[in-house]
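The listed protein sequences derive, respectively, from chains A and B. Note that my numbering numbers the first sequence so that position 58 is 58, with each residue one more than the last. Each number in my numbering corresponds to the 1-based position in the second sequence with 292 added.
Warning: the hint list may mix true and false statements.
[As the list claims (entries may be wrong)] Facing chain A, a subset of chain B residues (Cβ under 8 Å, in silico):
{"id": "1", "residue": "MET711"}
{"id": "2", "residue": "LEU713"}
{"id": "3", "residue": "PRO738"}
{"id": "4", "residue": "ILE741"}
{"id": "5", "residue": "SER753"}
{"id": "6", "residue": "ALA768"}
{"id": "7", "residue": "ARG803"}
Because the hints were derived from the structure by calculation, they are not lab data. Positions of the beta carbon are idealized from the N, C-alpha and C atoms, including for glycine.
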Amino acid sequence: MSVATEVSGATETASTRSARAERLRLLLRSPTFLFGMFVLLFWIGCALIGAQLVPVDPYADDMMNILAPPSADHWFGTDSLGRDVFGRVITGSRDILTIAPLATLLGTVLGTALGLVTGYFRGVIDDAISRLVEAVLALPLVITALLALVALGTSSVTVVVVIGLVFAPIIARTVRSAVLLERGLDYVAAAKLRGEGSAYIMFVEILPNVMPPILVEATVRLGYAIFTVATLSFLGFGIQPPSPDWGLAISESYGMINGGFWWTVLFDALAIASLVVAVNLVADAIHGVFET
Amino acid sequence: MTVDSVVEAEIIPIAPTPIVGVVPDALTVDNLDLAYRVRGHDRQVLRSVSFRIGRGESYGLVGESGCGKSTVALAAVRYLPRNGHIRNGRILVDDRDLMSLDDGALRQLRASTVSMVYQDPGRALNPSLKIGRQMSEIFELKGESKNDSFDLSAQMLMRVQIADPLPVLDRYPHQLSGGMQQRVAIAMALSIDPKLLILDEPTTGLDATVEAEVLDLIAKLRGELATSVLFISHNLAVIARMCDRVGVLYAGTLVEEGTTAEVFHQPRHPYTVGLLRCLPRRGRRKDHGRLDTIPGFLPAPGAKITGCVFAPRCGLADDHCRSVEPELYKLGFRRSRCHYHDRAPDLPRATPSDLPTAVAIDRRQQPVLRTTRLAKTFGAGDRHVRALTDVSLELWPGETLGLVGESGSGKTTFARLLMGLVAPDTANSIELDGKALAGRIDSRGPESIKALQIVFQNPDSALNRARSVKNLVGRALAKLAKVPRGQRMERLLALTRAVRLADRYLPARPRQLSGGLKQRVAIARAFAGDPRIVVCDEPTSALDVSVQAAILNLLADLQAERRVSYIFISHDLGTVRYLSDRIAVLYLGRLMEIGPAERVFSGPHHPYTEALLSAVPALDGQTRDRVRLEGEIPSAINPPSGCVFHTRCPRCLGDICRKVEPPLLSADPEHGIRCHIPADELGRAEA
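Full structure from sequences and hints, please.
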């Protein structure tokens, strides 16, 4: 949009609004973002206070009332232990919404550091780390995580660490390419010319300018992390019983579908889908605002 | 806008045009109001602009960036961006109303009547098609056969003085130099034999000698073809050379119009007057006094304007100007949109011309900087580029050394070597205050880091966009001047005021500042540690003329106050001459000439310097006896033998130049010229 830059570039303070406020304003006008955020906040709210709100204790089993279809008492029916499915769906986001963001955060922090170092120093460091990154990128996420969990034993910490480590190179690659653009700019030379150290230049000068792509990549990764945690739980290596986790619930009940007990699986599956879609909608909207 | 201007546009007589009478104008723009719609609001960018271009006439549009020049050009082919729309007025191309044409007719018009040449030929040509293919397309569209089209393309290239067109046709755009690309673009534009040719800054990205060639070519083609030309440029001198008539645009308003000679010699609008005064002309130098400036800023696009659009920046403005918009007053064959057009030439100076106290330069002192056979080779193995070869020079305290040369001459490499951003080929080739300076910045001590600072060409790149002005300058004070936290604010204010930056800009971020303000921040940062030497790498080339003058004044003032030495790099000889005490001319990484500024300009000078000087178009529009360089700047990977300039030198002596590299001979003790021709003979031939 050459014309727009010509028009806005010439004046003293054509835009007094800061870039951040402008982006936020654009985000709040995007229906994609608003809808995604609405669903996401709903699940976050459920994770935080859902346990207090649900009418029936999601952990309480009722052997007299197993696999009951949806009714006024049990809106989503009960599962094979007679637990209230509605309560379990509402509170089921708690573990996944702890583990997935933590894993994403770990991956983002590690990946950003790696990307800054490789992009800034180039040369041998870059070559060595970049080859390593490419090797990790070739690993299939779920299978790697599965092997690690089998070897190290199942625990939430392991899930976070494994997903974080697998994400780091992916984020590093994005950060590196952004840093490569930045380091060619004269402000980096100017910083060297007043005797700044490499760490200062990387983390104080360059980092704020590569935040937009990092933010975009992190939200995209969050979607994948949720998906991966749900998959691992389904396979029995993620979140452990008696948590009301969705993936876990599906894995416990999918055998019942043939018996016509669809409510034991459907609502959990819908919940996972809605959360992943919501995160992806948010990621999409952020991408749209930052990358144009 | 007034009703008068509508009427006037239709009845106004035009200065003598080659063909008068029933032949329709090539372009008539009548009372054009145009707006861009940004976030639901219309921002008006053109306000009742009216002008016409007669048959065979060349019309120039000048103005600073953001004045709407390119918008006029785009409107003239109805190729506005989607958010641009014409609110009022008419555009007639060859007597056809552009607005009434349907898509088919519009395409037909673009294919047969109007063509356009853009600023950057590298982006205007299709990178994935060979030149022959993309040129032939034009002829094939007109119904020629494939073979004929190819032959016609070759003929067109001959027309734009490409003597051997076949190899060019077989190349991709990236395999051609910038000058060659622009010739191809011009050839393509002329292929349809257009009635109107629009040239939008066609030489802005080109080197001076190449620019001169392209301008010569356009002038010659105009003589051969009866094409009318709309020539858009920010460069007044280029317009003066190329155009019969000129219109001056300011903030989307045509403020003055007339024949080029009249407008540039007796301007009748304060903006034109101010613009002309901003230019360092006729050998003006810093010790002749400050340049005049135009205070204030261009109004924001779409700003509500009452009265005269220029009034807030005009020294003649009074309440009448601020409340009543002036009409386009008719003055003979010219027009001026100023109530006081008769008084315009008496516009009071915005900047007093009082001399900054001249710095006495004592050459018996030790030079602050000395380079000895400074050289830099990039790359390794058999593909190495000698970016700089054996440059030896000295710089004294308080002095400005101008560094001139075309792209690839090694100017920027020289700057980067001094700064320690790249290491020289041999250690100890740079001395600061008589002491050897480490090659790389990492191994330099804090004192030498402080002593050498730089102002980069592009402030957008040089200022970290995430930081506020306060932070940018404050960090430099902390790091370079080691100012303790308690005194920092005080020193910060002193420094930003010294670069004439108002306090209210301190919390602003770079994107909220204009180009000139950004460059002031960069200058403040460079001066934070009281440097001995500041390298100015084309500090004004990204700025408009009026802003450039203010920055040049600032640099001269700071030098007078602080006795700092400058290495001033520029391709613009006018600004170099204004600021420099001595000048060094580089070509292909070699020092071709060095000496006091006046002597380098007045001669005797090196044939290359001579060519550079005569390539600069003069504002008086007169064509001097030009020294034209043949061919392309050779590649630094494989530089010519002997004298590197012999392949393009108009005064090449023959074998000696081809085989023996000439020494840097002294015309007099202070003036060295690298040429086999003796200095007195160099001087004689020019006289």
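Quick rundown of the hints versus the structure:
| no. | hint | in the structure |
| --- | --- | --- |
| 1 | MET711 | holds, 6 Å |
| 2 | LEU713 | holds, 6 Å |
| 3 | PRO738 | holds, 6 Å |
| 4 | ILE741 | holds, 5 Å |
| 5 | SER753 | holds, 4 Å |
| 6 | ALA768 | holds, 6 Å |
| 7 | ARG803 | holds, 7 Å |
Comparing the model with each numbered hint stated earlier shows that all of them hold.
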